[in-house]
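Engineer: Produce the complete structure using the sequences and hints provided.
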Amino acid sequence: MNNRRKMDSNEFKPAARKEKATSGIIGNDDLVKAILDAAWSKNAFATKVYDVTGVVDYTDMFVILSGRSDRHVMAIAEAVEGQLKEQGIRAAGVEGRKSGAWVLLDFGNVIVHVFEKHKRSYYDLDRLWLEAKTIDVPEPEWVLDFARMESSQFD
130 MNNRRKMDSN
140 EFKPAARKEK
150 ATSGIIGNDD
160 LVKAILDAAW
170 SKNAFATKVY
180 DVTGVVDYTD
190 MFVILSGRSD
200 RHVMAIAEAV
210 EGQLKEQGIR
220 AAGVEGRKSG
230 AWVLLDFGNV
240 IVHVFEKHKR
250 SYYDLDRLWL
260 EAKTIDVPEP
270 EWVLDFARME
280 SSQFD
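For the sequence shown, position 23 (counting from the first letter as 1) is numbered 152 according to my numbering, and the numbering increases by one without interruption.
Simulated from the structure, these hints should not be mistaken for lab results. Treat the hints with care, since some could be wrong.
Stated by the list, open to error - No more than 27 Å apart at the CA atoms, straight line, and that leaves these computed lysine-lysine pairs for DSS-like:
| no. | residue 1 | residue 2 |
| --- | --- | --- |
| 1 | K214 | K227 |
| 2 | K248 | K177 |
| 3 | K171 | K214 |
| 4 | K227 | K248 |
| 5 | K177 | K214 |
| 6 | K171 | K227 |
| 7 | K262 | K248 |
| 8 | K162 | K248 |
| 9 | K227 | K177 |
| 10 | K262 | K162 |
| 11 | K177 | K262 |
| 12 | K177 | K162 |
| 13 | K171 | K248 |
| 14 | K227 | K262 |
As the structure is a prediction and not an experimental result, all values here were calculated from the model.
Structural biologist: Next comes the structure, spelled out in C-alpha coordinates:
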(Lines of atoms letter the chains of each structure in order from A and count residues from 1; the text may use other names and numbers.)
(Lines give C-alpha, C1' and ligand atoms only; values in the text may rest on other atoms or scores of the structure.)
Protein backbone atom coordinates (compact mmCIF):
# COMPACT_ATOMS: atom_id res chain seq x y z
CA MET A 1 0.00 0.00 0.00
CA ASN A 2 1.39 3.40 -0.99
CA ASN A 3 0.64 6.14 1.58
CA ARG A 4 2.34 8.84 -0.42
CA ARG A 5 0.34 11.44 -2.18
CA LYS A 6 1.46 13.66 -4.94
CA MET A 7 1.94 17.34 -4.09
CA ASP A 8 1.32 19.93 -6.68
CA SER A 9 3.62 22.94 -6.88
CA ASN A 10 1.05 25.27 -5.27
CA GLU A 11 0.78 23.12 -2.17
CA PHE A 12 4.37 23.45 -1.00
CA LYS A 13 5.79 26.92 -0.58
CA PRO A 14 8.93 27.50 1.46
CA ALA A 15 8.53 29.96 4.29
CA ALA A 16 9.70 33.46 3.53
CA ARG A 17 12.79 34.47 5.49
CA LYS A 18 10.86 37.00 7.54
CA GLU A 19 8.44 34.25 8.67
CA LYS A 20 11.38 32.22 9.93
CA ALA A 21 12.38 35.02 12.25
CA THR A 22 10.76 35.61 15.60
CA SER A 23 7.25 35.55 14.11
CA GLY A 24 6.97 39.29 14.53
CA ILE A 25 6.99 38.99 18.33
CA ILE A 26 10.00 41.24 18.75
CA GLY A 27 12.18 43.37 16.46
CA ASN A 28 15.86 42.70 15.78
CA ASP A 29 17.12 45.45 18.11
CA ASP A 30 14.94 44.27 20.99
CA LEU A 31 15.94 40.66 20.32
CA VAL A 32 19.63 41.58 20.41
CA LYS A 33 19.09 43.51 23.64
CA ALA A 34 17.36 40.50 25.24
CA ILE A 35 20.19 38.22 24.06
CA LEU A 36 22.86 40.54 25.47
CA ASP A 37 21.06 41.01 28.79
CA ALA A 38 20.87 37.23 29.23
CA ALA A 39 24.47 36.64 28.11
CA TRP A 40 25.88 39.43 30.23
CA SER A 41 24.01 38.08 33.27
CA LYS A 42 26.41 35.12 32.95
CA ASN A 43 29.49 37.32 32.32
CA ALA A 44 29.79 36.72 28.58
CA PHE A 45 32.52 39.03 27.29
CA ALA A 46 34.21 40.28 24.10
CA THR A 47 30.79 41.14 22.68
CA LYS A 48 30.46 41.90 18.98
CA VAL A 49 27.23 42.53 17.07
CA TYR A 50 27.27 42.58 13.27
CA ASP A 51 24.53 43.75 10.93
CA VAL A 52 24.94 41.34 8.03
CA THR A 53 21.93 42.56 6.06
CA GLY A 54 22.95 42.54 2.41
CA VAL A 55 26.04 40.45 3.16
CA VAL A 56 24.17 37.16 3.69
CA ASP A 57 20.59 36.25 2.94
CA TYR A 58 19.82 33.85 5.80
CA THR A 59 19.92 36.28 8.74
CA ASP A 60 20.16 39.97 9.58
CA MET A 61 22.47 40.04 12.59
CA PHE A 62 25.19 38.03 14.28
CA VAL A 63 25.98 38.28 17.97
CA ILE A 64 29.40 36.86 18.89
CA LEU A 65 30.31 36.33 22.54
CA SER A 66 33.06 34.64 24.53
CA GLY A 67 33.17 32.49 27.64
CA ARG A 68 36.21 31.39 29.63
CA SER A 69 35.56 27.61 29.44
CA ASP A 70 33.22 25.06 27.90
CA ARG A 71 31.06 25.14 31.04
CA HIS A 72 30.91 28.91 30.91
CA VAL A 73 29.94 28.80 27.22
CA MET A 74 27.14 26.35 28.05
CA ALA A 75 25.90 28.52 30.92
CA ILE A 76 25.77 31.56 28.64
CA ALA A 77 23.96 29.67 25.87
CA GLU A 78 21.47 28.17 28.34
CA ALA A 79 20.79 31.60 29.85
CA VAL A 80 20.13 33.12 26.44
CA GLU A 81 17.91 30.27 25.33
CA GLY A 82 16.05 30.11 28.66
CA GLN A 83 15.41 33.82 29.06
CA LEU A 84 14.18 34.17 25.48
CA LYS A 85 11.96 31.11 25.89
CA GLU A 86 10.38 32.86 28.90
CA GLN A 87 9.50 35.70 26.50
CA GLY A 88 7.91 33.26 24.07
CA ILE A 89 10.86 33.18 21.67
CA ARG A 90 12.28 29.77 20.81
CA ALA A 91 15.49 29.12 18.92
CA ALA A 92 14.89 27.60 15.49
CA GLY A 93 18.05 25.57 16.02
CA VAL A 94 20.88 25.03 18.48
CA GLU A 95 24.23 23.48 17.57
CA GLY A 96 27.30 22.60 19.63
CA ARG A 97 25.74 21.66 22.96
CA LYS A 98 27.80 18.47 23.21
CA SER A 99 31.21 20.10 22.84
CA GLY A 100 30.51 23.37 24.60
CA ALA A 101 33.44 25.04 22.84
CA TRP A 102 31.18 26.81 20.32
CA VAL A 103 27.41 26.99 20.65
CA LEU A 104 25.25 28.48 17.90
CA LEU A 105 21.70 29.65 18.66
CA ASP A 106 19.55 30.45 15.62
CA PHE A 107 16.76 32.91 16.36
CA GLY A 108 15.99 33.52 12.68
CA ASN A 109 16.94 37.11 12.04
CA VAL A 110 19.59 36.98 14.78
CA ILE A 111 22.17 34.21 15.12
CA VAL A 112 24.21 33.95 18.32
CA HIS A 113 27.69 32.40 18.48
CA VAL A 114 29.08 31.71 21.95
CA PHE A 115 32.73 30.65 21.89
CA GLU A 116 35.24 29.46 24.42
CA LYS A 117 37.77 32.29 24.16
CA HIS A 118 40.58 30.23 22.59
CA LYS A 119 38.22 28.66 20.03
CA ARG A 120 37.02 32.13 19.11
CA SER A 121 40.58 33.14 18.28
CA TYR A 122 41.09 29.95 16.29
CA TYR A 123 37.93 30.23 14.15
CA ASP A 124 38.14 34.04 13.91
CA LEU A 125 34.57 34.66 12.74
CA ASP A 126 35.11 38.35 13.40
CA ARG A 127 37.50 38.45 10.45
CA LEU A 128 34.89 36.86 8.18
CA TRP A 129 32.45 39.71 8.74
CA LEU A 130 34.77 42.64 8.04
CA GLU A 131 32.40 43.98 5.37
CA ALA A 132 29.42 43.82 7.75
CA LYS A 133 28.44 46.84 9.79
CA THR A 134 29.55 46.59 13.43
CA ILE A 135 26.90 47.67 15.93
CA ASP A 136 28.42 49.41 18.93
CA VAL A 137 27.22 47.73 22.12
CA PRO A 138 29.06 48.98 25.19
CA GLU A 139 29.47 46.15 27.69
CA PRO A 140 28.43 46.84 31.30
CA GLU A 141 31.22 47.73 33.70
CA TRP A 142 31.04 44.37 35.53
CA VAL A 143 31.53 42.57 32.20
CA LEU A 144 34.53 44.75 31.38
CA ASP A 145 35.98 44.02 34.85
CA PHE A 146 35.44 40.30 34.31
CA ALA A 147 37.06 40.44 30.86
CA ARG A 148 40.09 42.29 32.28
CA MET A 149 40.43 39.69 35.00
CA GLU A 150 40.15 36.87 32.45
CA SER A 151 42.78 38.31 30.15
CA SER A 152 45.36 38.60 32.93
CA GLN A 153 44.66 35.36 34.82
CA PHE A 154 43.89 32.66 32.28
CA ASP A 155 45.99 33.22 29.17
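Engineer: Determine for every hint whether it applies to the structure shown.
Structural biologist: Structure-based check of all given hints:
1. Simply put, K214 and K227 have alpha-carbon atoms about 20 Å apart, close enough for the 27 Å limit, and the pair holds.
2. Proposed proximity of K248 and K177 is supported: the alpha carbons are some 15 Å apart, at most 27 Å.
3. As the CA atoms of K171 and K214 are separated by approximately 17 Å, the hinted pair is consistent with the 27 Å bound.
4. With a CA separation close to 15 Å, the supplied pair K227 and K248 stays within the 27 Å bound.
5. Note on K177 and K214: the hinted pairing holds, with a Cα-Cα distance of about 23 Å set against a maximum of 27 Å.
6. For the proposed pair K171 and K227, the alpha carbon gap of about 19 Å is at most 27 Å, so the pair holds.
7. Simply put, K262 and K248 have alpha-carbon atoms about 23 Å apart, close enough for the 27 Å limit, and the pair holds.
8. A hinted pair counts as satisfied when its Cα atoms are at most 27 Å apart, and K162 with K248 qualifies at roughly 24 Å.
9. The straight-line distance between the Cα atoms of K227 and K177 is roughly 24 Å, inside the 27 Å bound, and the hint therefore holds.
10. At roughly 17 Å between alpha-carbon atoms, K262 and K162 fall within 27 Å of each other, so this suggested pair holds.
11. Taking the CA atoms of K177 and K262, the gap is near 11 Å; set against the 27 Å cutoff, the hint holds.
12. Proximity of K177 to K162 is assessed by CA-CA distance (about 12 Å); at most 27 Å being required, the pair is judged to hold.
13. For the suggested pair K171 and K248, the alpha carbons sit about 19 Å apart, so the restraint of at most 27 Å is met.
14. At roughly 31 Å between alpha-carbon atoms, K227 and K262 are farther apart than 27 Å, so this suggested pair is violated.
In the structure shown, a violation is registered for the earlier hint numbered 14 alone.
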